[in-house]
Amino acid sequence: MDDRITADMLDLKSRYKPGVLKYRQMGYWQPDYTPTDTDILAVFRITPQDGVEPEEAAAAVAGESSTATWTVVWTDRLTACEHYRAKAYQVDPVPGAPGQYFAYIAYDLDLFEEGSIANLTASIIGNVFGFKPLKALRLEDMRIPVAYLKTFQGPATGIVVERERLNNYGRPLLGATMKPKLGLSGRNYGRVVYEALKGGLDFTKDDENINSQPFMHWRDRYLYCMEGVNRAMAETGEVKGTYLNVTAGTMEEMYERAEFAKSLGSVIIMIDLVIGYTAIQSMARWARRNDMILHLHRAGHSTYTRQKSHGVSFRVIAKWMRMAGVDHIHAGTVVGKLEGDPNVIAGIYDTCRESHVPKNLEHGLFFDQPWAGLKKMMPVASGGIHAGQMHQLLCYLGEDVVLQFGGGTIGHPMGIQAGATANRVALEVMVKARNEGRDIWNEGPEILADAARWCAPLKAALETWKDVTFNYASTDSVDYVPTPAVAM
Amino acid sequence: MRLTQGQFSFLPDLTDAEIRAQVQYALDQGWAVAVEFTDDPHPRNAYWEMWGTPLFDLRDAVGVMQEVTACRQVHAGRYVKVLAFDSTRGFETVRMSFLVGRPAEEPGFELVRSQGPGQQIQYTLRSYATGSPAGVRYAAPPPPAGGAT
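So the sequences go chain by chain: A and B. Residue numbers 1 to 488, in this note's numbering, belong to the letters of the first sequence in order. Residue numbers 489 to 637, in this note's numbering, belong to the letters of the second sequence in order.
Among the hints, a few may not be true.
[To be verified] Covered stretches of chain A (chain B as the covering partner; in silico rule of three or more C-beta atoms under 8 Å from a C-beta of chain B):
#	segment
1	218-228
2	430-436
[As the list claims (entries may be wrong)] Here are some, though not all, of the chain B residues that point toward chain A, as calculated from beta-carbon distances under 10 Å:
#	residue
3	L543
4	L546
5	G623
6	R625
7	A627
These aren't lab readings, by the way, just hints derived from the structure by calculation. All residues carry an ideal CB built from backbone N, CA and C; glycine is no exception.
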């Protein structure tokens, strides 16, 4: 911990050469440091440039994501700089990935503004991700201390209250995204909503890029959708909803759309991840004040979550979104068309739904994470799933999840209502069989086939999609070997 | 119409053996089973009448089935449902809910529309049955064949 300027650092020739900035000497590498209960912890996957020692790279990440700049500044000495420095305290090689390391870094609570994801992320994933001495950098996981969690609202509604409002218990919820994504008029769009809800779904959903385009302005969509929702409620006696996307160019416009959705009696609205963390927090506060369930579509996340070497893992995004206060979040299907390794998905689902998430390296969870009474967030499984996978979906994803069959409802050969009914019957029969103690993982296809004998829509669905699978290797899997030496 | 509230309303009505299996599942999870009935099936009617308090101390599915049967007999022609309450921290809510009795005729709901400003419509859902006083909302079950005239 040498704060003095060394001759090395004043040498302009070597200043831009990776590895020469002695972050270690500046106090950012402290292998003896024991994190406190109120520290914010992060584990990064670092890929140092050739010739850069992993400890130095870890120290550099700690420095660049907290107090440091590229050189020592004397004004540090006006502060309690030791307190404000992030401390890299552990570096482990990534199993099976030469040249990559897991770097553990502790940040003091005082580095962050209360209740602000924007402030938290401006440090943790700020400048540091473009830092030259690293070839690549990925934020794998974080431990948010209770002291900091308690400065966030958390989900506006939460799983428990959502179910109580919907009068819907003991089974996954069913939804569908309206298709085609673009081009339907308001009146035609509302027709799809009505058919899908009457057929047996609980929710329908705007897609992420349905906002207010020339073919359908937002007010037209909301008006016709609510006609569909209310008609379906009268036909079934169930509470139904449609996620009205309020994403827009400004907060003022989003608030206007949300207010209109509320005035029409909608139980739920939706936003896209691309509106930004602060806008998400604002909408979560609005939702809490207005008894509204808030659905988040994770549009854009794959640009930074999918590649293992660089970016931010989705389990961290899920954590931030639970703090920010959304009620629903798209979190993967395992079996569908979009990225989803089973172990990674299990870690994300736990992060959404559990009150206390224990460390589980196999699932990509590097720390114990208590949730301090923040409500639970409902994961949403969407993208290339169909009724024939119902047993797998229930086994992988459990009960507190929204299963969204878009094409798997609207693409049904007998029509949209039949598509919805096929999904609902498949779901109910599978939950019933599970509760009866049957081995649905192995007997699932047989259970579905039995139900298809009396349910023609299910029979047609099983025949139409029987061969549809998406068996591709996941790009985002967990690098983990079960040895006690890893990550204490 | 067929009221499709509850976990299994899209399936054929459950037999007693099937109901008992679901009750057993609830008991195996440590949940308390309750029986409730109503003649006001509005989807937002949160408070159906309780058939006694939840059966916290009854850990035997056969005993629960006796309560289910008794409620269905006394309130034949109404909606009857079985619930399971979970007192675990983080839940403390209903974990299961399924219908075990329904009227022979289900008249359903009227969707009442009232014009609002612009193109807005305010919607109200009204159960046709609740137009009648409580207790006489659904047709009584048919009398046994050969009964008194």
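Status of the hints after comparison with the structure:
Counting residues of the segment 218-228 of chain A whose beta carbon lies closer than 8 Å to any beta carbon of chain B gives 4, which meets the minimum of three for the stated coverage. Chain B is given as covering the segment 430-436 of chain A, and this holds because 4 residues of the stretch bring a CB closer than 8 Å to a CB of that chain, at least three being needed. The criterion of a C-beta within 10 Å of any C-beta in chain A is not met by L543(B), whose closest approach is roughly 17 Å, and the hint is violated. A hinted interface residue such as L546(B) counts as satisfied when its beta carbon comes closer than 10 Å to some beta carbon of chain A; here the least separation is about 18 Å, so the hint is violated.
For G623(B), the interface hint is violated, the least distance from its beta-carbon to any beta-carbon of chain A being 20 Å, above 10 Å. Hint status for R625(B): violated, given a least beta-carbon distance of 14 Å to chain A, over 10 Å. At its closest, the beta carbon of A627(B) sits 18 Å from a beta carbon of chain A; the interface hint therefore is violated under the 10 Å criterion.
This entry does not satisfy hints 3, 4, 5, 6, 7, going by the numbered hints stated previously.
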